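K.L.:
With the hints as extra help, turn the sequences into a complete structure.
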Amino acid sequence: MSVIKIDRPGQSVLMMGNEAIARGAIEAGVDFSSAYPGTPSSEILESLARVAEHFGLYAEWSVNEMVSLEAAAAASLTGLRAIVAMKQNGVNVCSDFLMTVNLSGTKGGLVIVACDDPSAISSPNEQDSRNFAKFADLPLLEPATFNEAREMTKYAFELSERLGLPCIIRSVTRISHSRGNVELGELPERKRSPSFEGVSIAGAFVALQHAALHQKLEQAREDFENSKFNWYVGPEGAKFIIVTSGTGWFYSREAVAALGLDSEVGILKIGTTWPLPEKFIIDHLKPANELLIVEEVDDFLEQNIKVLLAEQAKTLGPIEVYGAKSGHLPACGEMNQDKVAKALATIKGVEYSGRDEAYAQRARELVQPYLSPRIPTFCAGCPHRASMWAIKSALKLDGRDGFVTGDIGCYSMGAGPAGYFQLKTIHCMGSGIGLATGFGKLGQFDFNRPVVAVCGDSTFYHAAIPGLINARFNNSNVLMVVLDNAGTAMTGFQPHPGSGIDALGEPAPVVDIEGICRAIGVPVKVRDPFELDEAIEELCDLLQEDGPKVMVFRRRCHLAETKERPQKKVFVDPDKCIGDECGCARFCSRVFNCPGIIWDPTTKKARIDEIVCTGCGVCAYLCPQGAIVIEGN
Amino acid sequence: MEAGKGSTDLEKEVLNAGLCTSCGACVGICPYIKVVKDRVAVIEPCGITDGKCYDFCPRTLTDISELDRRIFGQERSDSSLGPYISIEMAQAKDSKTRNRGQYGGVVSALTAYAMSKGEIGATVLTKPFNESLMPTSVLVEDSSQVLSCAGSNYIASATLARLNEAMKQQTVSLGIVGMPCQILALRKMQASKHENGSKEVKLAIGLFCTWALSYKSFHEFLKGKINPSQIKRLDIPPPPANKLVVVTEAGTLEFPLDEIREFVKPTCGICFDMTSEFADLSVGMVEGVDDWNTLIVRTPEGKMIIDKAKEDGIIETKPLPEANLSHLREASLLKKKRALDEIVKRTGDKNNLLYLRLSDAELRKLR
Ligand SMILES: Cc1cc2nc3c(=O)[nH]c(=O)nc-3n(C[C@H](O)[C@H](O)[C@H](O)COP(=O)(O)OP(=O)(O)OC[C@H]3O[C@@H](n4cnc5c(N)ncnc54)[C@H](O)[C@@H]3O)c2cc1C
Ligand code: SF4
Ligand code: SF4
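Each protein sequence line maps, in turn, to chains F and A. So the first sequence is residues 1 to 633, counted in the numbering used here. So the second sequence is residues 1001 to 1367, counted in the numbering used here.
If you are wondering where the hints come from, they were derived from the structure by calculation, not from laboratory data. Keep in mind it's a predicted model, so treat the numbers as computed, not measured. Just so it is clear, CB atoms sit at the ideal spot from N, CA and C, and this is done for glycine as well. There may be inaccurate statements among the hints.
As the list claims (entries may be wrong) - Below are the DSS-like pairs computed for lysine-lysine, each with C-alpha atoms no more than 25 angstroms apart in a straight line:
| no. | chain 1 | residue 1 | chain 2 | residue 2 |
| --- | --- | --- | --- | --- |
| 1 | F | Lys339 | F | Lys239 |
| 2 | A | Lys1216 | F | Lys441 |
| 3 | A | Lys1216 | F | Lys396 |
| 4 | A | Lys1223 | F | Lys525 |
Unchecked claim - Partner residues are not named here, just some residues of chain A that face chain F (Cβ under 10 angstroms, in silico):
| no. | residue |
| --- | --- |
| 5 | Val1035 |
| 6 | Arg1039 |
| 7 | Val1040 |
| 8 | Ala1041 |
| 9 | Gly1051 |
| 10 | His1194 |
| 11 | His1219 |
| 12 | Leu1222 |
To be verified - Far from chain F by the CB rule (all over 12 angstroms, computed), these chain A residues:
| no. | residue |
| --- | --- |
| 13 | Glu1200 |
| 14 | Lys1303 |
| 15 | Glu1311 |
| 16 | Gly1313 |
| 17 | Glu1322 |
P.N.:
The structure is reproduced here in structure tokens:
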């Protein structure tokens, strides 16, 4: 049973941060939820979809974050409560709409959850989405604990409704993906009925709208002055205060305790980081003459606090501010207790050694023998490995120094050894084909290298279609390869318009990729990447054609496949394997490099690692000696 | 032969130097070298420094005298046509074979005969037209399928790749029909210190060849003019016609040979062999006689098949007119001389003959 469904107010339940956010939405009586999957945000909609039927709410995986926000805004315009979740890059995608719906305003509570991925563990960039709140003049909340994630979400709906503005919640990986205790609140009766009256138009009397927006933001500030999400702990009249938000709260507390500075350092924790509760902050900073600002990624809080200090210079007097600008803390990467403690120790001139390096070294040495050395690679059985090999082969056979522009998905790993270093560009969703349309038009400047744009099936729907239309419209010489593995594999197999099921697992119409290509007027071929020779030949043929063309490499992610069907047993016939000899030279384990195949240095033969192998069988196709056997074939 | 070279050297010395004939000898051995249409590429260096590919390639060092001694037991006395036992005119007796065949149908007739007699269990042939301008190589395991490969496609085909694959599985003896470069590669395989199945090739029928075309440029040329998938026959009638005849389902077109020559593979300009000098049997046209072939019998194995085929009424032969023979000699010598000139032009050094190693005596005769 889903934890977010439990109807026992007051009970403490262990929840993932994203579940706590979803629970908060449920407690606010959310009606409508939408998202495009993206780490670390995906579990919010997944959790809501799981209980959608139970609570009678609506949940959808949208085609992209822009549409997702627009759809949620529509619900809000009818007075329903709506939540939309996305990773940081999604905020960029939906920002065009965001920068207008802030002006036109909303009706039912509309909450945008932006989950940032500091250190870009699963992202192409690192970004601090809090800047969007300031940019768009929207109220911003930053949960520091799991229970706060729940409470803030619930509150965000109320605030949004009161102001007639979307409200942004900024989470980060360590909130979204960690687990902690959450105290359950009441589950309300949902009773809203939608109606749409009047208009919602940005761009009419913009100056007035913009002024009104600023007024709404002032209202939010007043609300924040007495918010329960802002508090101070520490000695009365502390001269040294840490000002922090989000994950910085726990890190700061630990650091202060670790250094034994409880009696002299106070912590001012701000949960409502835009607009700042100025009076509240000024009140608490009065005694201080030194501040350390602790936050994750940009110096967002730091800069806004500094502005406030400058404005209040007469009242507050000179205050030294430490943080990113002073070089005590980085304005990039994940924050942690150690970084905060080091900064604090440096400023306060106390001893802090953190984790003993010798200990860390010993720990590494002890663990090392049990870890097999692995490069970041595609899973065993992944169709992308074969697709990348096909693309590499075709470009080599083509002989014109062609190259690949990459996109966002599992196949981004194709830039490294997993994909034989084929991808030469990676940016954002849809940028592979976008860049390719440009590269493909440089012939008049004598740049005639063929360009292949790869994109996944989900990415195709999300952002690649306009690029393809552009290629067609401007007759750009590009070959687009859609790596269709039948799902949004990277983020955990959420359905998309090609999957045939919706967010609730119910049957949904399939939006056909080839059909779209044909409608655009671009020739399209479909191949199984495991039939490598045919796939390579077809790619070579397509590369010879002028103008845009599409190859769909269609094969379902093998991990998804093995969940439904028993996997085949694959083994190497050692009598046939020629290993190091001319004619093979360890092709399967050394070059094609599926992690399911290992080289046995004692027998000098390849061997299948039965634990890792998924039974896809592509190596049997590739083995030049027919030494790899699929049982039952 | 030179030792200690592998796919990286092949790529550098042959493929990147534009010397590849697309014969396919290096393809199908391993997963690293692939061919699409007539383009051969090393997809990834394998790391092997003494490889079959380099050893088999007809464009890596090739010692003509040594091959002569190996195959024929002695060095050639005839510099223009290579070692041979006899030269005649020949024709398939079966009219259907003659009609389907490019000229006299001798190649198809002999191939089918050798298979039906059990001399060979299967043959690697090249299907000239298969709804595409590009020929495809096939392993024919039943003599009744031989005729489906009759006719000539002047585009180079990596036929030996099919042979390499067949040799990995095949347990029966094999036959092959190929261009001079392919027969040369076959002989290099058979002479190689690397183990391979080519000793099972018991009958090598070589075609005459002046040059072959590269797919890409020829395809581009024909695009828009005809539908390449409808081609039924290509022919280069003997001089003075000087044209390429393209027969399609929609009608017949003719192109002046001078227009076509720019599509000739660059490697053909340095090719030394017009008459498949290392084959068991070499077959070409007879100038001025439409449905007959010139047949050169070179080895005792070849002679045995011909004798039996004549006895069994599969083919008939008659003497090749003296004028034709001397014409053939001239044409073959001309190809050799041109090749030597072109090689020296490319290397800029009259002692650097790229892949060719000729005895001083041979060289003197040709220069
Ligand atoms: C590229 C090329 C150039 C040639 N140039 C000359 C020339 O200059 N002078 C000359 O006298 N003869 C030349 N020939 C040979 C001639 O065209 C006939 O193939 C030969 O005379 C045999 O005739 P046939 O009637 O016995 O052939 P068929 O009985 O029709 O048999 C022809 C055989 O040729 C094979 N074949 C067809 N296309 C190819 C190919 N692309 N690669 C390898 N094998 C192929 C088929 O497998 C078939 O078995 C050339 C052939 C080719 C393929
Ligand atoms: S063996 Fe044949 S196909 Fe391979 S490189 Fe040499 S000429 Fe080309
Ligand atoms: S001319 Fe020589 S290299 Fe060219 S196809 Fe004919 S035999 Fe091969």
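K.L.:
Compare the structure with each hint and give your call.
P.N.:
Taking the hints in turn, this is what the structure says about them:
With a C-alpha separation of about 21 angstroms, the suggested pair Lys339(F) and Lys239(F) falls inside the 25 angstroms cut-off, and the hint holds. For a cut-off of 25 angstroms, the pair hint linking Lys1216(A) to Lys441(F) stands: about 22 angstroms separates their Cα positions. A distance of roughly 16 angstroms separates the Cα atoms of Lys1216(A) and Lys396(F); the hinted pair therefore holds under the 25 angstroms criterion. Between the alpha carbons of Lys1223(A) and Lys525(F) the distance comes to roughly 20 angstroms, so the proposed pair stays at or under 25 angstroms and holds.
Interface hint status for Val1035(A): upheld, as the beta-carbon distance to the closest one in chain F is roughly 8 angstroms, under 10 angstroms. With a cut of 10 angstroms, the hint placing Arg1039(A) at the interface with chain F holds, because the nearest CB-to-CB distance is about 5 angstroms. Here the hint on Val1040(A) is kept, as its CB sits about 8 angstroms from the closest CB of chain F, short of 10 angstroms. Among the interface hints, the one on Ala1041(A) holds; its C-beta lies about 5 angstroms from the nearest C-beta in chain F, closer than the 10 angstroms criterion.
For Gly1051(A), the suggested interface contact is upheld, since its CB lies about 5 angstroms from the closest CB of chain F, less than 10 angstroms. Because the smallest distance between the Cβ of His1194(A) and any Cβ of chain F comes to about 7 angstroms, under 10 angstroms, the interface hint for this residue holds. Because the smallest distance between the Cβ of His1219(A) and any Cβ of chain F comes to about 8 angstroms, under 10 angstroms, the interface hint for this residue holds. Using the Cβ-Cβ criterion of 10 angstroms, the hint placing Leu1222(A) at the interface with chain F is not satisfied: the shortest such distance is roughly 14 angstroms.
Listed as outside the interface, Glu1200(A) is consistent with that label: its C-beta sits roughly 17 angstroms from the nearest C-beta of chain F, beyond the 12 angstroms cut-off. With a least CB separation of 35 angstroms from chain F, Lys1303(A) remains clear of the 12 angstroms interface cut-off, as annotated. Look at Glu1311(A): its CB is around 41 angstroms from the nearest CB on chain F, clear of 12 angstroms, so calling it non-interface holds up. The Cβ of Gly1313(A) lies farther than 12 angstroms from every Cβ of chain F, with a closest approach of about 42 angstroms, so its non-interface assignment holds.
For Glu1322(A), the condition that its CB be more than 12 angstroms from all CB atoms of chain F holds, with the nearest at approximately 47 angstroms.
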